[in-house]
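> Chain residues, written in single-letter form:
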Amino acid sequence: MRYAYYPGCSLEGTAKEYDLSTRATFRALGIELEELPDWSCCGASSAHTTNHLLAVALPTRNLVIAEKQGLDLVAPCAACFNRLVTAQHKMEQDARLKGKVEQVVEGEYQGTVKVKAVLEVLATDFGVEKVREMVTKPLKGLRVASYYGCLLVRPPEVTKFDDPENPTTMDALVEASGAEAVMWPHKTECCGGSFAFARVDIVEKLSNDILAAAKSNGADCIATACPLCQANLDMRQKAIEKQFGTTYNMPIYYITELLGLALGLEPRSLGLGTHMVESLRLLREKELA
Amino acid sequence: MCWCGSNIASTVDLDRVQKAVEKLTNVVHVEQNKYTCSEPGQAQIVAGIREHNLDRVVVAACSPRMHEKTFQRTVAKAGLNPYLLEIANIREHCSWVHTSVEEATPKAIDLLRAAVAKVIRNTPLTTSTIPVEKRALVIGGGIAGIQAALDIADAGHQVVLVEKEPTIGGRMAQLDKTFPTLDCSACILTPKMVDAAQHPKIRLLTYAEIEEVGGYIGNFEVTIRKKARSVNEDVCTGCGICWSKCPSKAPNEFDCGLGERKAIYIPFPQAVPNKPVIDRENCRYFTKGKCGVCKKVCPAGAVDFEQEDELLRERFGAIVVATGYELFDHSVYGEYGYGKYPDVITGLEFERLINASGPTGGKLKRPSDGKIPKTVVFVKCVGSRDEAKGFPYCSRTCCMYTAKQAILLREKMPEAEAYVFYMDVRTPGKGYEEFYTRATEEFGVNYLRGRVARIYPKGDQLVVRGEDTLVGAQVEIEADLVVLATAMVARRDAAELAQRIGFSYDQYHFFTEAHPKLRPVETNTAGVFLAGACQGPKDIPDTVAQASAAAVKVAMLFSRDELETNPMVATVDEGTCSGCEWCKPTCPYGAIDIKTIEERVGKRTVSRRVATVNTGLCQGCGACTVACRSGAMNLKGFTNEQILAEVEAICL
Amino acid sequence: MSVERAGTGVSTAGWEPKIIGFCCNWCSYAGADLAGTSRIPYPCNIRIIRVPCSGRVNPQFVLRAFQRGADGVLVAGCHPGDCHYSTGNYFTRRRFLLVKRLLEYLGIEPRRFQVRWISGSEGQKFADVVAEITEQVKALGPAKMDKMRDVM
Amino acid sequence: MAVVNLTEIVRNRKEFIDEVEKHGGKNVNSCYQCGKCSAGCPVSYAMDYQPRQVMRMVQLGMKDKVLSTSTIWLCAHCMTCTTRCPREVDIAGVMEALRMICRKENRPIRERKVPLFHDLFLDIIRKGGRQHEFQLAARYKIATGNLFQDVDLGRRMFFQGKLRLFGPKVKGAESVRKIFEKCKELEGDVQ
Amino acid sequence: MKEKLSELKETVARLLKDRTVDFFIAYQAGHSQVEPIPFFLTTAEHVENLFLNNFCAHNLSKYLLDYLAGDEVVGVLAKGCDLRALKRLLTDHRVERGRVFVVGLPCIGIYDRKKVQEVYPAGLVEVVEEGEEVILRGETGDKRVPRKEYLLPRCLTCPDHNPEFYDLLLGEKVANGPLAEEDYSDVRALEEWAPGERRRYWTRQFERCLRCYACRNVCPACNCRVCCFDVAEPRWLGKGTSLDEQEMFHFTRAMHVAGRCTGCGECERVCPVNIPLMKLNKKLAKDIGALFHVPQAEIPTEVEPLGQFRLGDPDEFN
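Chains as they are written, first to last, in the working numbering: chain A, 758 to 1046; chain B, -6 to 645; chain C, 25 to 176; chain D, 31 to 221; chain E, 86 to 403.
Next comes chain A alone, as it looks inside the complex (with noise of 0.2 Å):
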């Protein structure tokens, strides 16, 4: 199983943990990954709120690099995974738009490659009964309300990936990891997503909704899949719990993070030192880490 790997932005930023835990965790389950050479940026939400040609052609410049090595496309950000899907959706239904982003681009889209989330290629390509056969450390004990978000399954019919209004496959990684999988309905509330910088007391407030919901259902800690999340839920918890006078100081992991530690990886190889809340604690306390 060979896969061309675009990390996005952020995941040389804010989300490195995501990025060295994804590249970890797959190489551990044998998975290999190719960074996409040259990528660049999908346009996230600030292209297809301003112009669509562009929401279309940013995503596509990668989708013919990717087709030149002929390998699916995963990719670890749920904006990016969505922006990529959506292209080809509509460049599939639009032959005349097509045209125009092929112009833009300056390259031939055929439609040959199938983008993937990651929970898609572990859970459905690789199998979850195949993780859990390798899982050498079960996480016992940890309590985890996997948190979806909106853009990773919405809307059904662009990204065609588990289920919009229940979805199950981090929660069913999650068991095969040893953890408890968590019963909470905030699965895939919005979480405030780009309005990081204009509105920030709109995130405090949508994520301490969801954070709440993960207290009150008993979870120890959040899993994402999706480094827009993670980051609200996780850099912003300090201030969420000054302004709404709420103590969490729950962690919030990515999949590959628990996945790697299940897999018996090093903490440190897996970027768990360098979470905004402190994310090491909780598993020494259940000696997990």
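Hints listed in this document are in silico derivations from the structure and should not be mistaken for laboratory results. What you are looking at is a predicted structure, and each value in this text was computed from that prediction instead of being measured. Here a beta-carbon is modelled for each residue, glycine too, at the ideal position from N, C-alpha and C. No false leads were mixed into what you were given.
List time: in silico DSS-like cross-link candidates among lysine-lysine, alpha-carbon distance up to 30 Å:
#1 K873(A) x K157(D)
#2 K149(C) x K162(C)
#3 K333(B) x K897(A)
#4 K855(A) x K157(D)
#5 K172(E) x K588(B)
#6 K70(B) x K12(B)
#7 K199(D) x K855(A)
#8 K897(A) x K972(A)
#9 K847(A) x K382(B)
#10 K364(E) x K168(C)
Calculated from the model, a selection of chain C residues having no Cβ within reach of chain E, i.e. all distances over 12 Å:
#11 W39
#12 E40
#13 R63
Starting from the known structure of chain A, arrange chains B, C, D and E on it as the hints suggest.
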């Protein structure tokens, strides 16, 4: 030529048409009329026939499916054989679907030329008669079927009422109270059920299904499969010892699975006939081969494990289909929990919970933990008015029964709070609006205008998130119980039953009536009538009205000893028929037989085989005329000559 | 049935195809009526002949229509299973599967002759089918089957 | 809210709806005001008008009013509404279309900071080919004037090695710049 | 085939003498050895004129239709393909089995007169089979030719060299087994062409048609008492020989025999202007086989393929 007010005249230049048609051979007189189907219009035709000594008439107006019979009667009044008439459809097929006069006028001329070409080849036809079996079959033992059966039987005709479940009563038996008068459903239904059971002219066939239907109006041959009850109905007295002693239990479908019943059971106490049935999947005797307690304790020795399905073949003159409806499967709604939250129930389940003969004896207990709910939220239009996941139509009854259920809740438990999420409150019937106002004013039901976006568990309660669009704000309710008013949909096997009997159904599998406004209880198949929700969502008052209407239609049919048959049947030209029988296998009604005729050839009389058509059985579909290569088989009213003439007239 | 349409340099501008429609009385004729009552406009090239059942349409009627100059022929009936006479359209289906192939084999462009199932409640579908077949036949140009006479 | 003179507005209602649908908002006229979108919208509490009310304004052609709402800017484009709409209306698409029209006709914007953030975001990737978070944060703070927003958060992130001072190196940055130019030519403004 | 002539003469004489049959239909010599013609015997004396060789292609059972009136028993000499034709008539109830006395004639193949005459224009006396080859022996000497290329097309794929049923068998049974499998290759080739090309091909064929109706008269499937083309009203077919009337005739006949054609190829053989009519009938037989899973469309069945249906029939018309 008819103006049809302006419907035709506005896009067809009838003067130009008249000029063109007057030149056609055989056309001796052309006139226009503003409303041909009106009395004066018809009188004009009769006068025209007499004055010009016409022997053929073409009426260029609306669809023959609309007024062919009217004009046939008009022509007959003038002494002309009614079948010497043809209709050119220049309204539905021409003026209404083409915008410019330049397009519609030449087309109207072509259609008229074709009608003239056909009518000059029409031959006078006379109807023959067939006997009518004065016995009616009613399929479905709900209130619609019971009402229809009672009315037909009271009109003095024999009725067989077939019901799939072990008892009649249908959906209505499951309800607690009925709107708008709040009288108890069982109190008004059970007397009718008993009447139906005891009526000398009605024979109840419960736990039975329709296997096969052949024949046609007046002479249906129906095969009914009487499923094995494993209880001999004649001997059983319904004493109930067997189901009190039966060891194995199973979820009771009648209570939507909320309550339990034994393997040998009657669905509900007032079941008619109150003879039990053995559910062979859950009965220990049938699954594991041991037990048989019921047989031992039965004082009348009615239990008979060896009983087999019975196939009854019966003849009927008319069929009333009253098979009712099902509820929409709300598990498609992820946002309402995919049907997995135990305290998110349907309206029917709510009826069972508050019903005295229900699983909780009438006390409203939550299915999850049996607690009495303090806050109940009713959500309307679940599956209705929703193209994305449900059906686009409105199910008509949910507004009223949700108001009723809210009232019952507040009446029984004044301390409970009732919320109703709605988009509109539709109260179309008599006393309906007043009933709704009682709900809001007298019983303080909180009506919130907005569709619920999401229901999710929080602790042991359910958070219902919606928007009150009148205030323009998001609202949230921590509810103990949520009742979904799910859409009324056609039964799963509706299409199959329709195909078996031979009438059509629409894209939602509701049965298609002959005409939505003018013939709501008839189908396009003569002799088959509809009543109740199987034809479309409707409440009990409309259902009963339709049932009585269908009954009158049946009584009308049986008022005559013989039935006029359709004269447009197949006919054999014995001179050209080779007796090859290629036509025989194509006839769906088995109306073609082979007979031997004698004829003189030279000096000798020789016998020869030719086909012959039983005009009573033939329905005039014409399949045999194409199988007959030599053209010996022809169809009156649609002969080969006529259709070829129409093709050529159009192509000139 | 068009004789090298391109070769003969026949100018097809302004030419309107003539299409014959055989509609069964119970379903497709009712569908056409519904298109009328719902005022759904469709091209005026089609002329409808009512037959009791699609099973009544003899392949020879279809060829006679082409022979007399029709450019397109449509046979419309109930969806299989819905036939008012229960089995009529099963024979239609079997017979016209063969006729369609034989006509194509004899050189008629496939789109000129079509068979469609249209129910009594599908007024919109009737209008769409008529628009579709008119457009396709217009693209094919005149069938010129009747002009065959002067070829001899 | 002032009296709405519908006779004037409704005349160019169709034109406004076509414009919205041209920019990607689908089936505006199918909306029957059921409120399911507003009910499920995570950010609706912060909006001056509910998403449903914005849809109503578009249906009535109240162009000036709807373009001046904060709702169209506070839509996080999380697609909850579009996924659940019983009439299959793309409400998120309508919001986006309204934002684009608002920018195109450079009308007064209620939530200045949102488009500002997006412009900076796009400017950085137009130049460098990839996003540079430090530069984005810095330029955003300068542009908005509150220099001390998230300063301590920034400091701790820097020590955790999460803030890279130097921009990413993209060989193909030139081709990304060309994409922006071409899009500008073909579809009008990009910023 | 020649050696059976004497046995045939004896048999026919006996049958006529002891009144088992009132008439007998067989062959008699025609203009030349390669053109035998049907022979209708009423009395034993005529048996001398009987003739038999491997050019006797006619399907004699079709003539039984002329003897329908009355109750005479008619004897007929029938090869395997003729019997399939007789079975057609019996299935179509046009002939009663009781009124036919069948003399079965085992046959290993009939030669195509037109092809032989191209190579041996005149004076041919006999044709001798020698393994894969055949010697054409006549006044202008011998000529060896490959046997397969000169047989009638139906003989190549003939499944029943020996008559399936008979009242009396002439001579011994011969080895069975078709020489080739019917793969409809000619039909498939035509299907590959563009519509316009096929249109021109069939226009050229139908232009030659004289409307002599030989094909209809010889066809066992075309056994109507009164043919629809002979009826004045409705006027299915004009009397003129314009191209559109030819098209109507051949289209209608092909559809009328669809599913009932026994594949005997007589129509093509007797056509004076060599129109490849079997290409039409084989096209329909192929489609019926493929669409309705009728293995051998040419074997007559009680109910014809177009007289029945299956719910699972293919449907391309929704």
